[in-house]
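A.B. asks: One letter stands for each residue in the lines below.
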Amino acid sequence: DAEITQSPRHKITETGRQVTLACHQTWNHNNMFWYRQDLGHGLRLIHYSYGVHDTNKGEVSDGYSVSRSNTEDLPLTLESAASSQTSVYFCASKGQGNTGELFFGEGSRLTVL
Amino acid sequence: GEDVEQSLFLSVREGDSSVINCTYTDSSSTYLYWYKQEPGAGLQLLTYIFSNMDMKQDQRLTVLLNKKDKHLSLRIADTQTGDSAIYFCAETPGNTGKLIFGQGTTLQVKP
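Chains F and W, in that order, are what the protein sequence lines are.
For the first sequence, position 92 matches number 513 in the working numbering, and the numbering has no gaps at all.
For the second sequence, position 93 matches number 94 in the working numbering, and the numbering has no gaps at all.
So that you can see chain W by itself, here it is in the shape it has in the complex:
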């Protein structure tokens, strides 16, 4: 089945690292995604990882993929107050082109 699970809330202090975790079910997803949603706005693509990669780094963002456990994580280094948002992971089951999203993790960054 198609199911993506995330924890709902994470609170960190400014300057700390944040790690947001996600588990997915469909091993045929070619890409796995992290989207960011700021208050009152739609989602925007933050980063993605190709399924044959274990890690992708993009400035302050590090994505780790464990295909065996179907586990995806997003690490934000030196978290800033501007990083406060809801973060969604998503899979593309059966490479059908549609994205299935998790519940979203609300990241709260305290000054």
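Just chain F, same shape as in the assembly:
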């Protein structure tokens, strides 16, 4: 079955370190998204991509970067982790279907000490 997987599921790191969260989908979807989830804020869009070599900033992109070298993967990098980036991160993908349904990964919980 096609799926979307995130890794690691849990990570603890220190302030200032570089962290990369992986996202891999097997649906061959062109559209991929990274969100962070925080209490009281719901899901906020960090970065998104409409296809290979395409990346776009979302509403909370500062301190984050993404790259899209193939269809399946959209890794999210925190260049220099800050305590404010402690959160649960969700990757999602979307095909070209009419309803535009997003398919979400299970989430990656990141703690920055």
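Be a bit skeptical, because a hint or two may be false.
Claimed, not checked - DSS-like cross-link-like pairs, simulated, lysine-lysine; straight-line CA separation at most 30 angstroms: (1) F:Lys478 to F:Lys432; (2) W:Lys68 to W:Lys57; (3) W:Lys37 to W:Lys71; (4) F:Lys478 to W:Lys68; (5) W:Lys68 to W:Lys37; (6) W:Lys37 to W:Lys57; (7) F:Lys432 to W:Lys37; (8) W:Lys37 to F:Lys478; (9) W:Lys111 to F:Lys478; (10) W:Lys57 to W:Lys71; (11) W:Lys37 to W:Lys69; (12) W:Lys111 to W:Lys37.
It should be emphasised that the hints constitute simulated quantities derived from the structure, not laboratory data.
Could you slot chain W onto chain F? The hints should help.
C.D. replies: Here is chain W on its own, set in the frame of chain F:
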């Protein structure tokens, strides 16, 4: 601007109806969505409504859309303990393909 607002918490008794409300800002959204998140999991699509519809019914779920007021609601009939979760509404501003989510409403169902 892009903004979706929901109340944060709703508590109901098992068997009662639940109504979760949402307001959005972008009138160009072709679809509006309700997603459900169970503890420790990602979001899953619960239902959606096309923007030219006023109402959509799907088993125990009824979605009402008031485009004039940019108001969306989700009614769950005969609410069960298994319905306890966080419910998110979402819009697709400017039909860009990206979804903007509200803060999520935590539904607590008491036996």
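A.B. asks: A separate judgement is required for each hint: does it hold in the structure or not?
C.D. replies: Structure-based check of each hint:
1. This hinted pair checks out: lysine 478 (chain F) and lysine 432 (chain F) have alpha carbons roughly 24 angstroms apart, not beyond 30 angstroms.
2. Our distance criterion of 30 angstroms between C-alpha atoms is met by lysine 68 (chain W) and lysine 57 (chain W), whose separation comes to about 14 angstroms.
3. Pair hint lysine 37 (chain W) plus lysine 71 (chain W) holds up; C-alpha atoms about 21 angstroms apart against a cutoff of 30 angstroms.
4. Among the hinted pairs, lysine 478 (chain F) with lysine 68 (chain W) is consistent with the structure: their alpha-carbon atoms are about 28 angstroms apart, no more than 30 angstroms.
5. With a CA separation close to 23 angstroms, the supplied pair lysine 68 (chain W) and lysine 37 (chain W) stays within the 30 angstroms bound.
6. A distance of roughly 17 angstroms separates the Cα atoms of lysine 37 (chain W) and lysine 57 (chain W); the hinted pair therefore holds under the 30 angstroms criterion.
7. Restraint check: the Cα-Cα separation between lysine 432 (chain F) and lysine 37 (chain W) comes to about 25 angstroms, which is no more than 30 angstroms; the hinted pair holds.
8. For the hint pairing lysine 37 (chain W) with lysine 478 (chain F), the CA-to-CA distance comes to about 25 angstroms; that is within 30 angstroms, so the pair holds.
9. Between lysine 111 (chain W) and lysine 478 (chain F) the CA atoms are separated by roughly 41 angstroms; this puts the pair beyond 30 angstroms, and the hint is violated.
10. Proximity of lysine 57 (chain W) to lysine 71 (chain W) is assessed by CA-CA distance (about 16 angstroms); at most 30 angstroms being required, the pair is judged to hold.
11. Restraint check: the Cα-Cα separation between lysine 37 (chain W) and lysine 69 (chain W) comes to about 26 angstroms, which is no more than 30 angstroms; the hinted pair holds.
12. Simply put, lysine 111 (chain W) and lysine 37 (chain W) have alpha-carbon atoms about 18 angstroms apart, close enough for the 30 angstroms limit, and the pair holds.
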